[in-house]
Amino acid sequence: MTSTVRDTPLRAVHERLGATMTEFAGWLMPLRYGSETAEHNAVRTNAALFDLSHMGEIAVTGPGAGAALDYAVCGWPSRLSVGRARYTMLCAPDGGVLDDLIIYRQADERFLVVANAANTSVVLDELRARCSGGADISDESEVTGLVSIQGPNAGGFLAPLTDLPVASMAYYAGAYGTVAGRAAWVARTGYTGEDGFEIFCAPADCEPIWDALTGSVEGGLPAAGLAARDTLRLEAGMPLYGNELGPDVTPYEAGLGRVVRLDKPGDFVGREALAARAAEGPRSTLIGLLGESRRVPRHGYAVLSADGDRVGVVTSGAPSPTLGRPIAMAYVEGDAGGPFGIDVRGKTEPAEVTGLPFYDRRK
Amino acid sequence: MSVPAELRYTQEHEWVAIDGGTATIGITDYATQALGDVVYVSLPQVGAAVTAGEPCGEVESTKSVSDLYSPVDGEVVEVNEELDDDPGLINAEPYGLGWMFRVRMADGQTAAAGLLSPTEYDTLTKSAG
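Sequence lines, in order, name chains A and B. Sequential numbering from 6 applies to the first sequence in our numbering. Sequential numbering from 5 applies to the second sequence in our numbering.
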């Protein structure tokens, strides 16, 4: 039997920890190690480790790198200072979202573009097509591992193992240094709504870094899988590509119009369509819903008006460990107002509209 | 993974303990591991008639929801009300405190008809990977 499913450099660690593995975007990934609720709560209250080696890493380098990215994505990467990061999107000419990205400026002439695993080849192809002249595009996914430590105590656990002053590092900043004696790019970023750090390193260095982090804590640090990652990002109101984001929506529908820098000079892919959408307003709105029963709205369930008409669709839904009730994000028609119900397998369950995020660590 | 020898099983991963004319029903260790943390279980009402192989409730976990099937015909005589406050019992003790409901089996029903032996169930879960 042939398989194209790829292992991360931490496969042996996950097996040792007894993880339940799942195929995700062509990778064999840990879904959970034990209780995903306990993993979720560890990130909210302490810290946990994630293997994110499936993510795509694409380097854009050269004297024209900044200008090339300004044309390729809807943000304004050339304005980033060295050592800073920004959340942005790669859009199609019609404004539809092809992927959401974090771009780090690692040096004056070097940017690291981090893409979703499932979209890495699309992002790579688009960057190569869009970044002509003065910029080199290089897929570094195969030579880059990614270990993330997330949670309020993440900095305290990382600090003794690194030469970087992580305690004073700004959110959405990054720097080259060492972790457990291994060279790494360490950034204060994440996808959990919690403080945390992402450690980009050589694949062979993932395991020593993982072991050093968990070995530095009495009793070890918990590991967290994709199941916890999904409920953490949902509570934080962060969109997931394929759920809230896709080629059929622009950043405006997702409530992320701020990432579209129509104020930057020069043309960029999607500018005309995005400017028009900005002027006319989004065609649908991403809202937060709090379930009022214990039955959980899931991806694809219909959102109903008070009259029972279908006015939207749930994009992500889960029982929220932090709130103790179901939460969901949903797209509803532009002029639809609450109260809403959700068709949970044939029975309408009431849901309360709420602002996003569901959980904000600063509150 | 635990498959107690004294129980019978269904293709849908329920277990059944038959004592005289009463069947106690829950979901298996395999099921709880596949589902992840159970956060809510909707059980049939006491007094409700249930039919073997038909859905009579649902089990919500972090990632998914599954129908709960009755393995036998009969009338529900008791449900585990502890699960309302603490659905985690299903993960912690699927064959013990995590039991779900009891059915007084309809007259003339052959107790183990259509149910899987522990060996058969073990084979089923192993072939499912």
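These aren't lab readings, by the way, just hints derived from the structure by calculation. Please read all numbers here as calculations on a predicted model, not as lab measurements. C-beta: ideal position from N, C-alpha, C; glycine also. Incorrect hints may have been included.
Claimed, not checked - Partial pick of chain A residues on the chain B-facing surface, computed with a CB cut under 7 Å:
1. 39
2. 41
3. 46
4. 298
5. 299
6. 328
7. 329
Stated by the list, open to error - Okay, the calculated beta carbon distance ranges per label pair:
8. B:111 x A:365: 56 to 62 Å
9. B:6 x A:285: 40 to 46 Å
10. B:108 x A:312: 49 to 55 Å
11. A:22 x B:6: 16 to 22 Å
12. B:100 x A:51: 25 to 31 Å
13. B:71 x A:168: 52 to 58 Å
14. A:297 x B:111: 38 to 44 Å
15. A:225 x B:97: 44 to 50 Å
16. A:12 x B:100: 34 to 40 Å
17. B:58 x A:247: 30 to 36 Å
As the list claims (entries may be wrong) - Coverage of chain B stretches by chain A, computed from C-beta distances (three or more under 8 Å per stretch; other residues unrestricted):
18. 34 to 43
19. 60 to 67
Hints, one by one, checked against the model:
{"no.": "1", "hint": "39", "verdict": "violated, 10 Å"}
{"no.": "2", "hint": "41", "verdict": "holds, 5 Å"}
{"no.": "3", "hint": "46", "verdict": "violated, 11 Å"}
{"no.": "4", "hint": "298", "verdict": "violated, 9 Å"}
{"no.": "5", "hint": "299", "verdict": "holds, 4 Å"}
{"no.": "6", "hint": "328", "verdict": "violated, 12 Å"}
{"no.": "7", "hint": "329", "verdict": "violated, 9 Å"}
{"no.": "8", "hint": "B:111 x A:365: 56 to 62 Å", "verdict": "holds, 59 Å"}
{"no.": "9", "hint": "B:6 x A:285: 40 to 46 Å", "verdict": "violated, 59 Å"}
{"no.": "10", "hint": "B:108 x A:312: 49 to 55 Å", "verdict": "violated, 43 Å"}
{"no.": "11", "hint": "A:22 x B:6: 16 to 22 Å", "verdict": "holds, 20 Å"}
{"no.": "12", "hint": "B:100 x A:51: 25 to 31 Å", "verdict": "holds, 30 Å"}
{"no.": "13", "hint": "B:71 x A:168: 52 to 58 Å", "verdict": "holds, 55 Å"}
{"no.": "14", "hint": "A:297 x B:111: 38 to 44 Å", "verdict": "holds, 42 Å"}
{"no.": "15", "hint": "A:225 x B:97: 44 to 50 Å", "verdict": "violated, 26 Å"}
{"no.": "16", "hint": "A:12 x B:100: 34 to 40 Å", "verdict": "holds, 37 Å"}
{"no.": "17", "hint": "B:58 x A:247: 30 to 36 Å", "verdict": "holds, 34 Å"}
{"no.": "18", "hint": "34 to 43", "verdict": "holds (count 4)"}
{"no.": "19", "hint": "60 to 67", "verdict": "holds (count 4)"}
The earlier numbered hints that this structure contradicts are 1, 3, 4, 6, 7, 9, 10, 15.
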